[in-house]
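Protein chains in written order, with the working numbering: chain Y, 1 to 368; chain E, 1 to 292.
These aren't lab readings, by the way, just hints derived from the structure by calculation.
Worth double-checking, as some hints may not be accurate.
DEER-style ranges, computed between Cβ atoms [stated by the list, open to error]:
hint, chain 1, residue 1, chain 2, residue 2, range
1, E, E207, Y, R316, 37 to 45 angstroms
2, Y, G75, E, R239, 26 to 34 angstroms
3, Y, T234, E, D223, 26 to 34 angstroms
4, E, T60, Y, G228, 52 to 60 angstroms
5, E, R239, Y, R269, 43 to 51 angstroms
From the derived model, a few chain Y residues whose C-beta atoms are all more than 12 angstroms from chain E [claimed, not checked]:
hint, residue
6, E139
7, E144
8, A241
9, E338
Note that the structure is predicted; figures quoted are calculated from it, not measured.
Built from N, CA and C at the ideal position, the CB exists for glycine as well.
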Amino acid sequence: MGIAERLEGKRVVICAGSGGVGKTTTSAALAMGLAAQGAKVAVITIDPARRLADSLGLEELGNEPRLVDASRFAGHGIEMQGELWAMMLDAKRTFDELIERLAPDEKTRDEVLANRIYQELSGAVAGSQEFTAIAKLFELDRSEEFDVLVLDTPPSRNALDFLDAPDRLTGFLEGRALKVFLAPTGLAAKVMGRGTSVVFSVLRRVTGVDLLQDLSVFFRALGGLVDGFRERATGVKRLLADPATTFLIVTSPEREPIEEAIFFRGKLREAGMPFGGLVVNRVQLDLVEGDADEAAAALDGDLPDELREKVAETLRELQVLAERDRAGLTRLMTALDEPDPTVVPLLEGDVHDVDGLAQVHHHLFADD
Amino acid sequence: MSVLDKRLVFVTGKGGVGKTAVAAALGMVAARRGKRTIVAEVALRDDVHRALAGSEGGWTESAVGDDLYALSVDPQRAMEEYLGDQLSRPLAELLAGSRLFAYFAAATPGMRELLTVGKLWELAQDRRRTPGAQPYDLVVVDAPATGHGLALLDAPRTFAQVAAAGPVARQARAIEATLGDPQVTGVVAVATPEEMPVNEAEHLRRELGGRLDLVVANAVRPDRFTDEEAALLAPLAERAGAARVAVAAHHRARSQREQLERLGADVELPFAAEPSGGADLEELADVLDATV
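One chain only, chain Y, in its complex shape (with noise of 0.2 angstroms):
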């Protein structure tokens, strides 16, 4: 079953996979292909290449979704139908809009935004991507602009970590740690015992009385926001949840991503995710048939011999790597229970403009 089949009636594309397997750019030629069959698309990416961003137009500012002018796509063989729109996401911004959106009056999120533990967490470069890719995702779904969103996750085992952090973000809001924070020698910090007391005293010997305040001023601000973000959290799970969203796992066959798609297959499946298919990249396919040095003894006497054994060693090393490529793709198939990968070959260079994406998109919907 090709690809477009398979995400027929899905509104919301998720996918997932470790770094360096090529996801955005599966992504973004994803889009580009269901766009062309109708639809109107968008694509969140996450760090494209610069060329990649720049043949689609897509800019450094701006954190929402540009329509990709369709003249971009005459002459490279994609008849656009459809529309589609793309961004790159701004994880740091994204935040700071949630922020806002959630917050209950200027002075309130004004205090957040400008609170220095929430600018080291809204801009760390680790922890915020996950979070803040699912939540514009969120945004993009409640707006209804569009008939279908994919979505490029970060290149990181923790990629599918939102799976449950509308749970834990719930969890920790509506928790006593929160209550503790908010005053930490109030009736609550009393409530729960000497153990809490000791902390914060040993945390002020540690490390600063300064700290302390200023995590007391963020976790009270951010107090304001609670009813926001469990709605959000409601929300989050509800789309996630749906019907019509899917997870595409991406991969290459080599031995650390096959170990992370088992990995994110796992994943999937603790969290009771749909997994709508294996898209496996950078395969080395058999390109001649038999023998590698009978294929080059066929162009004996056209070349000069050093020049056919040349050709001949290239044969055997492609035989080999195609060899170990067929038998991760074996695996794949065998470990994430998917008898009917997207195969996608190696190809000659980066995928860097939209002929590049054309390629890609002109595998990707071999079967259908």
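Chain Y is already provided as a structure; the job is to place chain E on it using the hints.
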């Protein structure tokens, strides 16, 4: 001075370029040279979610060869170890079990990274803090990808901005002194000959300047045809599969060459694949041994 003559070496680069393989291979080379070496992988998780979810395992200095050890550093365990060192046992246990403290640690700017780099620093000390532990001649860090990797190196300074007093801050200053000493700390950037990884290596060069000791190009495919030879092969491509494959390989090699020129690596590691799909570490170690 070879980067392997330093005490603490960070290996970083874009995700997927083979940092782990290069770090492991560097460790093997050092061990071959008689240095008691440990390769430490950093299992950095993201902040808020980590605090809310609790920690996950991975924490044993285990022997993997002659003079060669491996370890996975987890920030949560690093914190527990640090607490155990600074406080009485009951107090340390109280704090380690306290979710408040976990949230606090996650929310404090630079705290997680500081605890992680603190553990790596401890591995590289003559006098180990961990009871019964032996010192190492070399600690090779399989660091997180570029941005996070740099955050590790900057951790002491980041933390110092937030907490000027207290034992944690004092230790941060000691760690910063070590990280800032080019005789002691080294950095290796790894990139595959592709656009994005090379971009990140360039970024590392800009950020680190002289602190970057070595740039390694990994997974370099053979580049065996000259342009003239490719021209001879091209007309044969239509009827002979072998020629077609060779021409495609040549195009890929040319693309790769462009990236290698941008990268300007000190050493090129061949695309060395084992049947299992992992890197052939012995082969990589051989090449590194000859250059580094």
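- Query: Honestly, which of those hints from before does the structure not fit?
  - Reply: Per hint list: 3, 4 violated.
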